[in-house]
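**Student:** Residues per chain are reported as follows:
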Amino acid sequence: MSAPAAAERTSVFAARGVTKVYHMGEVDVHALRGIDLDLYAGEFVVLLGASGSGKSTLLNILGGLDSPTAGSVHYRDRELTEFDDAALTRYRRDHVGFVFQFYNLIPSLTAVENVSLITDIARNPMDPVESLRLVNLGERINHFPAQLSGGEQQRVAIARAVAKQPDVLLCDEPTGALDVQTGILVLEAIERINAELGTTTAVITHNAVIAEMADRVIHVSAGKITSVDVNTSRRPASELDW
Amino acid sequence: MILSALNRKALRDLWQMKGLASAVATVMACGVALFILSRSMLFSLDLTQRTYYERYDFADVFAGLKRAPNTLAARIAEIPGVARVQTRIVVPVNISVPGLDEPATGRLISVPDGREPVLNRLYLREGRFLAPLADDEVLASEAFVTANNLQLQDTIAAVINGRMKQLRIVGIVLSPEYIYVIKPGDIVPDDKHFGVFWMNENALSTAYDLDEAFNDVSLGLLRGASEPDVIQRLDDLLEKYGGLGARGRRDQLSHQFVDNEIEQNRNMGMFAPTIFLGVAAFLLNVVMTRTINSQREQIAALKAFGYSSLQVGWHYVTMVLMIVAAALAAGIPGGLWFGRVTTQMYAKLFHFPEFQYRIYFSVIASAAGISVVAGIVGALTAVVRAVRLPPAEAMRPEPPASFSPTLMERLGLGHLVPPVLLMIVRQLERHPIKTALSMVAIALAASVLVLGNFFQDSVDYMMTAQFQWVQKYDMAIATNDDVADRALYEVGRMPGVLRAEPTRRVAARLRAGPRTRLVGITGIRRDNQLSGLVNMDGQETPLPPDGLMISKKLAEVLEVNVGDYVEVEALEDKRPKQRVLIAATLQDFTGLRAYMDLDALHRLMREGPVLTGVEMLVDPLQQETLYRELKNTPQVAAVNVKKHAMDSFDKTIAENLRIMKSINLLFAVVIAVGVVYNSARISLAERGRELATLRVMGFTRGEISAILLGELAIVTLAAIPLGLALGHAFAWYMCTAFDQELFRFPLVITNRTYAWAATVVIIAATASGLIVRRSLDHLDLVAVLKSRE
Ligand SMILES: Nc1ncnc2c1ncn2[C@@H]1O[C@H](COP(=O)(O)OP(=O)(O)O)[C@@H](O)[C@H]1O
Ligand SMILES: [Mg+2]
Numbered sequence: 047m048s049a050p051a052a053a054e055r056t057s058v059f060a061a062r063g064v065t066k067v068y069h070m071g072e073v074d075v076h077a078l079r080g081i082d083l084d085l086y087a088g089e090f091v092v093l094l095g096a097s098g099s100g101k102s103t104l105l106n107i108l109g110g111l112d113s114p115t116a117g118s119v120h121y122r123d124r125e126l127t128e129f130d131d132a133a134l135t136r137y138r139r140d141h142v143g144f145v146f147q148f149y150n151l152i153p154s155l156t157a158v159e160n161v162s163l164i165t166d167i168a169r170n171p172m173d174p175v176e177s178l179r180l181v182n183l184g185e186r187i188n189h190f191p192a193q194l195s196g197g198e199q200q201r202v203a204i205a206r207a208v209a210k211q212p213d214v215l216l217c218d219e220p221t222g223a224l225d226v227q228t229g230i231l232v233l234e235a236i237e238r239i240n241a242e243l244g245t246t247t248a249v250i251t252h253n254a255v256i257a258e259m260a261d262r263v264i265h266v267s268a269g270k271i272t273s274v275d276v277n278t279s280r281r282p283a284s285e286l287d288w
Numbered sequence: 199m200i201l202s203a204l205n206r207k208a209l210r211d212l213w214q215m216k217g218l219a220s221a222v223a224t225v226m227a228c229g230v231a232l233f234i235l236s237r238s239m240l241f242s243l244d245l246t247q248r249t250y251y252e253r254y255d256f257a258d259v260f261a262g263l264k265r266a267p268n269t270l271a272a273r274i275a276e277i278p279g280v281a282r283v284q285t286r287i288v289v290p291v292n293i294s295v296p297g298l299d300e301p302a303t304g305r306l307i308s309v310p311d312g313r314e315p316v317l318n319r320l321y322l323r324e325g326r327f328l329a330p331l332a333d334d335e336v337l338a339s340e341a342f343v344t345a346n347n348l349q350l351q352d353t354i355a356a357v358i359n360g361r362m363k364q365l366r367i368v369g370i371v372l373s374p375e376y377i378y379v380i381k382p383g384d385i386v387p388d389d390k391h392f393g394v395f396w397m398n399e400n401a402l403s404t405a406y407d408l409d410e411a412f413n414d415v416s417l418g419l420l421r422g423a424s425e426p427d428v429i430q431r432l433d434d435l436l437e438k439y440g441g442l443g444a445r446g447r448r449d450q451l452s453h454q455f456v457d458n459e460i461e462q463n464r465n466m467g468m469f470a471p472t473i474f475l476g477v478a479a480f481l482l483n484v485v486m487t488r489t490i491n492s493q494r495e496q497i498a499a500l501k502a503f504g505y506s507s508l509q510v511g512w513h514y515v516t517m518v519l520m521i522v523a524a525a526l527a528a529g530i531p532g533g534l535w536f537g538r539v540t541t542q543m544y545a546k547l548f549h550f551p552e553f554q555y556r557i558y559f560s561v562i563a564s565a566a567g568i569s570v571v572a573g574i575v576g577a578l579t580a581v582v583r584a585v586r587l588p589p590a591e592a593m594r595p596e597p598p599a600s601f602s603p604t605l606m607e608r609l610g611l612g613h614l615v616p617p618v619l620l621m622i623v624r625q626l627e628r629h630p631i632k633t634a635l636s637m638v639a640i641a642l643a644a645s646v647l648v649l650g651n652f653f654q655d656s657v658d659y660m661m662t663a664q665f666q667w668v669q670k671y672d673m674a675i676a677t678n679d680d681v682a683d684r685a686l687y688e689v690g691r692m693p694g695v696l697r698a699e700p701t702r703r704v705a706a707r708l709r710a711g712p713r714t715r716l717v718g719i720t721g722i723r724r725d726n727q728l729s730g731l732v733n734m735d736g737q738e739t740p741l742p743p744d745g746l747m748i749s750k751k752l753a754e755v756l757e758v759n760v761g762d763y764v765e766v767e768a769l770e771d772k773r774p775k776q777r778v779l780i781a782a783t784l785q786d787f788t789g790l791r792a793y794m795d796l797d798a799l800h801r802l803m804r805e806g807p808v809l810t811g812v813e814m815l816v817d818p819l820q821q822e823t824l825y826r827e828l829k830n831t832p833q834v835a836a837v838n839v840k841k842h843a844m845d846s847f848d849k850t851i852a853e854n855l856r857i858m859k860s861i862n863l864l865f866a867v868v869i870a871v872g873v874v875y876n877s878a879r880i881s882l883a884e885r886g887r888e889l890a891t892l893r894v895m896g897f898t899r900g901e902i903s904a905i906l907l908g909e910l911a912i913v914t915l916a917a918i919p920l921g922l923a924l925g926h927a928f929a930w931y932m933c934t935a936f937d938q939e940l941f942r943f944p945l946v947i948t949n950r951t952y953a954w955a956a957t958v959v960i961i962a963a964t965a966s967g968l969i970v971r972r973s974l975d976h977l978d979l980v981a982v983l984k985s986r987e
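Chains as they are written, first to last, in my numbering: chain A, 47 to 288; chain B, 199 to 987.
Here chain A stands alone, though its shape is the one from the complex (with noise of 0.2 Å):
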């Protein structure tokens, strides 16, 4: 392997036979059940799969929100399911932005305020202004959650995400709960984030279209990774349509 290709595919995780067991009472529901994963530095993935085949769970374990059952993960050269709760929460606070389906931002705060909510406690921040003006929504900064709709919304949680400078941006169905123009505004701000700031994005999905602009598409079925894609050529957030 060449010098610079190596230095391309620096893993940021790596996941090795990863299983999520939840107890229900008497069953067992097996969430995931042997993931082999790697994200590399840079690199815009986009996870796919059917309602209920264990996206979040997946995304939740590689975001320190939750832990695996068995199996480890790597976070570049430290290992995730050795960290306690302290250590995972500084994990999430230093280097993993979320953003989820249902935007779950702080209602009784403006825009700008559930940013500074991250800006507050980070080590490196932007200017939360700045950050929503990276998602087009500078005019809007005062507005409290119930007065935007909800493309906005997220766009607020997307600059909430990334107003931390993170290393990884995690995004849960980021366009579940929106029509097909909204989300589309809001696809094209992630894809704006990773392409600027280069910052490594993985977004979940069950909608085959948005796979279209990712580097590489992972297909989850079961809690198993069927199959993973390599795009050649991304196409941007504002040719999809579904």
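Any given hint could be a false lead.
[Unchecked claim] Label pairs and their calculated CB-CB ranges:
| id | chain 1 | residue 1 | chain 2 | residue 2 | range |
| --- | --- | --- | --- | --- | --- |
| 1 | B | T964 | A | N170 | 18 to 26 Å |
| 2 | B | S202 | A | H252 | 35 to 43 Å |
| 3 | B | L201 | A | D84 | 52 to 60 Å |
[What the hints assert, rightly or not] From chain B, some residues computed to sit far from chain A (all C-beta separations above 12 Å):
| id | residue |
| --- | --- |
| 4 | L212 |
| 5 | Y254 |
| 6 | A329 |
| 7 | E459 |
| 8 | V571 |
| 9 | P807 |
[As the list claims (entries may be wrong)] Sample of chain B residues lacking proximity to chain A, with all beta carbon distances greater than 10 Å (derived):
| id | residue |
| --- | --- |
| 10 | M362 |
| 11 | I557 |
| 12 | Y659 |
Read the hints as simulated data drawn from the structure, not as lab findings.
The structure presented is a predicted model; accordingly, all values stated were derived computationally and were not measured.
Where a beta carbon is used, it is the ideal one built from N, C-alpha and C, also for glycine.
Since the structure of chain A is provided, determine the placement of chain B with the ligands on it from the hints.
**Tutor:** Frame of chain A; chain B with the ligands shown alone:
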């Protein structure tokens, strides 16, 4: 940005739930105010009492006697432990006051000519001290002067040793001996008809043939001296001078009352704030549980972005702390205000040169401390839940609550009940602990009302008992010394006297083993009709032909039972000592009393038919004439008019009770409204979506109100009997706590009190229900259904 975004969130969230937050803060503020009130009052009273005693040399030991030469003072001073001795003359006098038809009673106390007494010094409020050798000047107690609207230079007439004498008031004074002024034998102060006066020793000793002699002595003790020892030795010394038994401060009447009040503040300082802070903690628990449940996803997001669990927990704790801060901000001035009200109540009862109600920083600090603790304890389970919430878990909305068939349904009665009622009952059964705590909190509101009214009921009952069953006479007189029973016929012939019965009082020491008490034994005729020997339950106990009938409390104190013997040492006349049978006990309300058949008492005293008092029924039309006659009767040392005692009671105690009752009402309403409003708002928030759905499906406003408020109606109605029972239990506790030598409260709670407590709680609950119902009417159906939660 000065405030961090998280703190802004805390502030905005609080503002969002301002109704709930202020309900909680108000209940907590009541607890804070009560705590500050009783603790500060406790410290203020204690400090005022101690400084007064110290500055004005309040004596440690007090003794009355018949007569002893002044030379005895030196021997008294030699008793080990005695630091200072003050001998003096104390005599009861019958006085007439300008503007007062009826005779009043006074106590004349000597002060050394031209110098201050070494003990029980006087505080001069107005005017001057006595001119040496002046024999027509007196210093008058402030309470008496105020009650009778007297001024400096006014004169009162006193029958001094048989001769009417005009006495000019040259000074208005206060004495540490008379902080609480009460006429011997009375149960409430009557400042208008009882006054204390100080006069030059020379003048008094001449008038009473007590030249170079004294009939009263006070001692100041050295630090570390043994009081019982000194009392024993003093009693021994005074025995042959007609000693009436020495007593320490704890048997000094005024001191007893002040101490009693201090003790009461100490008890209330624990009891009342506990109730309020307990309810506040419960409310906080409900509110914070609700808040945190509805913010699961926000909590998850915070954690996902790297806020630590502790930071999240602290965030909710700051919300609690802000509520506590609001409670303190209202409770501290509230405590100050209550303090002022209470100080005014005290001013009627306690006569201090200056009573300063001070708020102590340490009290405020501990109020803040316990409020913070109560708040955090209340919110703890909810906050812990926020801390523990795994971030991934929180992304999914709270699962739908699981319901199960209610008890009613399991009993097969389900089909009898309309579905709306089933919804209500299931909701109640689903949160058994919350339902139970709501019930307890509302019950506490009812119990506070019962307790507040209980004091009134009890005192009313006591007064009825005292003024109608015990004192069946209209007027009673007492003489200085025992007089031949011929006097009875003379009194009987006075104008307006319809009936007259003799009484004989003997100062005595009762002894049972090592336990002794100084008491007055009252001799009355067994066939008397004017003194009732009535128990708390209203039953009379007949006077036994022989032996003593004593207060049940006295029997307890002496640890004797009916059938036992006590040693009676009479402290007057021939001072006979004899073993006497306890023939009966009487469960009475005040003091430690002893009664005996008049003839039996004469036999005990080895005396003929004498008396020291007469009780009378009086024709109201001839009252004035009788008053005039009595004012001029030299032997009469004291006149007790029942009507005056009743009036005085109405002016002091009754009014204080009324104030206490309104404050109580306020508190109970705060709790009831706080709890009901709180529960209704929370239910509305939790079930807004469900109720809106029902509205969309065609339910009327009335029907959904019934679902929401029906729950509260059931809880409130169920809480009321519990509250009444709890109130009864608190009242019982108070009765036992106040079972003292001075006073015993009868456990009397009228049905009116129960009805009143229930009514107030129902009204308060209905009012808060209606407030919430208004927001139900404005329920925005679309908005509710659109929101995800
Ligand atoms: N906390 C949990 N308890 C029990 N089962 C869970 C839990 N979280 C997820 N699951 C189950 O794990 C499986 C995968 O869920 P998830 O990762 O959310 O799927 P996806 O995001 O692909 O829709 C599902 O069957 C789901 O029911
Ligand atoms: Mg999912």
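**Student:** Now look at each hint and say whether the structure bears it out.
**Tutor:** A quick look at each hint next to the structure:
For the hinted restraint 18 to 26 Å between B:T964 and A:N170, the CB-CB distance of approximately 58 Å leaves it violated. The beta-carbon spacing between B:S202 and A:H252, approximately 37 Å, falls within the hinted interval of 35 to 43 Å. B:L201 and A:D84 have their C-beta atoms about 43 Å apart, which leaves the hinted 52 to 60 Å range violated. For B:L212, the condition that its CB be more than 12 Å from all CB atoms of chain A is violated, with the nearest at approximately 9 Å.
With 12 Å as the threshold on Cβ separation, the claim that B:Y254 sits away from chain A holds: the shortest Cβ distance comes to roughly 62 Å. Residue placement check: B:A329 keeps its beta carbon more than 12 Å from all beta carbons of chain A (closest about 78 Å). Even its closest Cβ contact with chain A, about 49 Å, leaves B:E459 beyond 12 Å, as expected for a residue assigned away from the interface. Separation of B:V571 from chain A is adequate, the least Cβ-Cβ distance of about 27 Å exceeding the 12 Å criterion.
Distance to chain A confirms B:P807 as a non-interface residue, since its nearest Cβ pair spans about 90 Å, more than 12 Å. Look at B:M362: its CB is around 84 Å from the nearest CB on chain A, clear of 10 Å, so calling it non-interface holds up. The beta carbon of B:I557 sits about 36 Å from the closest Cβ of chain A, which is more than 10 Å, so the claim that it is off the interface holds. The claim that B:Y659 is not at the interface with chain A holds, since no C-beta of that chain comes within 10 Å of its own (minimum 56 Å).
Violated hints, in rising order: 1, 3 and 4; the structure is consistent with all others.
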